[in-house]
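Undergrad: Each chain, written out:
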Amino acid sequence: MSFDIDVVCSRGDFELAVAFQAGPGLTVLFGPSGAGKTSILNMIAGVLKPTRGRIAADGQVLFDSATRTDLKPEHRRVGYIFQDARLFPHLSVEQNLLYGYKLAPEAGRYAAPDHIIPLLGIGHLLERRPLSLSGGEQQRVAIGRAILASPRLLLMDEPLASLDDARKQEILPYIERLRDGLKIPILYVTHARAEVDRLAAAVIRIEGGKVVA
Amino acid sequence: MFELSPAEWEAVRLSLKVGFWSTAFSLPVGFFLAYVLARREFPLKSLLNGLVYLPLVLPPVVTGLILLMLFGTQGPAGKFLESVFGVTIAFRWTGAALAAAIMGLPLMVRAMRLSIEAVDTRLEHAARTLGASWWRAFFTVTLPLSLPGIIAGAILSFAKSFGEFGATITFVSNIPGETQTLPIAIYSFLQTPNGEGPAVRLAILSVVVSMAAIVGAEWMERRVTRRLRPA
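Those protein sequences? They're chains P and E, same order as listed.
Residue numbering for the first sequence follows our numbering, starting at 1 and increasing by one per position.
Residue numbering for the second sequence follows our numbering, starting at 214 and increasing by one per position.
It should be emphasised that the hints constitute simulated quantities derived from the structure, not laboratory data.
Among the hints, erroneous ones may be present.
Claimed, not checked - Short derived list, chain E residues pointing at chain P, Cβ under 10 Å:
#, residue
1, Ser218
2, Arg253
3, Arg335
4, Leu336
5, Ala339
6, Ala340
7, Ser346
8, Arg349
9, Val354
10, Pro357
11, Asn407
12, Glu409
13, Ile427
To be verified - Computed from the model, here is a short list of chain P residues facing chain E with C-beta under 10 Å:
#, residue
14, Leu91
15, Ala194
16, Arg198
We treat Cβ as the ideally placed atom computed from N, Cα and C, and that holds for glycine.
Chain E on its own, in the form it takes in the complex (with noise of 0.2 Å):
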């Protein structure tokens, strides 16, 4: 029952990749988001946090037709990085990994922020006092304290790109080996006669790893409160 079939690895594999470098293009983005938002006060702070929790509430093929009229081929931003890159992510393994980005963000950013606004700021006033510059209150004390909720913010935002359906066929449609990521190889292989098994194989995988995932952020989570309370 568990034999996956070349095709079926071919999915998961993409799915790992896409998860990886969406994360990984989302945490420096997701961080500075999450802390100015936790930190910062500034005109319009109100719709950048709108902005950044959109894709939450929005139909996911709303978010995936908007990705496309910017970064299709046709679109503003596809045009500027064809042009100025030679790099096109319309219908590309990449193109998949920005759709996946922008669903997990929200996610990544409400974790990051809540860890941030956790830190004691009289704690960063302490380590200023004691000669330390805001760089060095930054890496020595808010980084630390909030590296919990950093990483289940990670955690979290892999795991959505993991499975993410709805904008990446809509942006990148479903090309197998290029595009087709494990939720919308299920979706394949339910559109085709006797392709329920490795659907449900599929399927239990995705349950599985999303599971992992909320326990591992929660269990991040709970180390962040827990540090910063007295025992």
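Isolated chain P (complex conformation) (with noise of 0.2 Å):
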């Protein structure tokens, strides 16, 4: 599976015109904040819309301005785990898991839950409200949730920038395990070097929305 992206996104003053590819495995996107970083997931993940430009996944075609193609988000199977865990509030942890789970087609399926749950050590707490866990434990969930929707392609948005070290250490090893026993490319962001020398197979440098050698 691989993945490719050039676009433009023209916001005010500001201009975002990336172009690479990145096949499977994890590949860093590291640069200052504001560089764009967030708004290039936020392209992929169908939340914002380029100016111009061409998305592929797994050789679908998710945005094309030239043919005027744009998925919408819920077609685009990418899977989207944010800074903050972003669990629904009103559902329990289980519920929070099976959410996209059930509704990624059937032949799309790889994740299972009773493969995933326990990978991320998350077993125990099921019944529990997600407002009621530490950090570290929706983050796990929130990891668990994106990835039990099946997709074709993760994203990761700074999923360690609001944890304190120790958190950072105990999600760490979930984070490798992911990218070790998946196979499809995982699109992390962060401007922390420690995650990218721990992390990283391949490494993307953005700057002032640009990418650079």
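Could you use the hints to bring the two separately framed chains together as a complex?
TA: Okay, structure coming up:
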């Protein structure tokens, strides 16, 4: 599986113009805050519309301004893990985990709850409400929720940034397991050097809305 | 002291009926307006906003007069309803319900709008990336999270409708059994000799209903904020 992006997005004075490819494994988008890294992920997920360009994953076009293709977020099968876990506060942990699982087309499901829940060590939390969990637990549930929707591409937007050091050490092994166990490309946004060194198979540096070599 | 006479019961029953139907009809309209005002940007949004909140600050007699000019038997909307549906609402309890709905709408929209604005749109985005359509995200995330505010809005609208006076008496007059709701009955009792007793009884009832509605609405609003913020 692979992933391809070549887009321009203008908003006011800021122009984001990026082109790169990513293969299976974990690719880090690395750069200072405000460089446009999150906007790139939002365009891939379909919650931010590029001004022009093309995005394709696994041979399918997600967005192409030339052919006016713009798949809705729910048709892109792109998993998104946010800096804040964004769990649904009115649903239990289990309902959160199964939200996307139930919506995924059966033929395309590759992640099973019986496998993913123990892998993330969240089996004992299923009955709980998200707001009663620690930050690290919330983020593990959010990771599980995204994986269980069986995405063909996984976006992670500074998933450790809001956690303290101990919690970061708690989550990192799980991310490594996913990186090694899943066959899909993972785009991982961070501005932390330590995470780049530990996780990255490939690094793409973003500065001022551009890819820099 | 608290034995209500048949005439007083009649007024209470009518007020409950008017309150129920006015709230039932306001709910979809009010929710649509609240959603649009909370989540959409469009030309003339401030004009729509002003129209919705206008009955809150306009003298109720003016709102009643406008309704009379529009929905009275000679008014354009009144003529339309009469000729197309064979329905007359002027001087009927349905007209009282319409006046009550218009007067209650600002309260309803305000409560609903606040609760919709409190729902983080990023949760809706999360739902979309998990495969939910716009409608599914709406029904599984936006609606349940704003539900306490919706209920609070409905309660406030009901309480307002239950006790609306100025616009109602202007638009549909004071007809016992048809348009003489609780506050209009209180007013009528005060115009008659020895009417203070029944007037005070109905007034106390009115205070109890209004108070219950405010407490209930507050409680609902607290629930929505508690659910959306970390414990």
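Undergrad: Compare the structure with each hint and give your call.
TA: Tested hints:
no., hint, in the structure
1, Ser218, "violated, 47 Å"
2, Arg253, "violated, 17 Å"
3, Arg335, "holds, 6 Å"
4, Leu336, "holds, 6 Å"
5, Ala339, "holds, 4 Å"
6, Ala340, "holds, 7 Å"
7, Ser346, "holds, 5 Å"
8, Arg349, "holds, 8 Å"
9, Val354, "holds, 6 Å"
10, Pro357, "holds, 5 Å"
11, Asn407, "violated, 55 Å"
12, Glu409, "violated, 50 Å"
13, Ile427, "violated, 25 Å"
14, Leu91, "holds, 8 Å"
15, Ala194, "violated, 27 Å"
16, Arg198, "violated, 26 Å"
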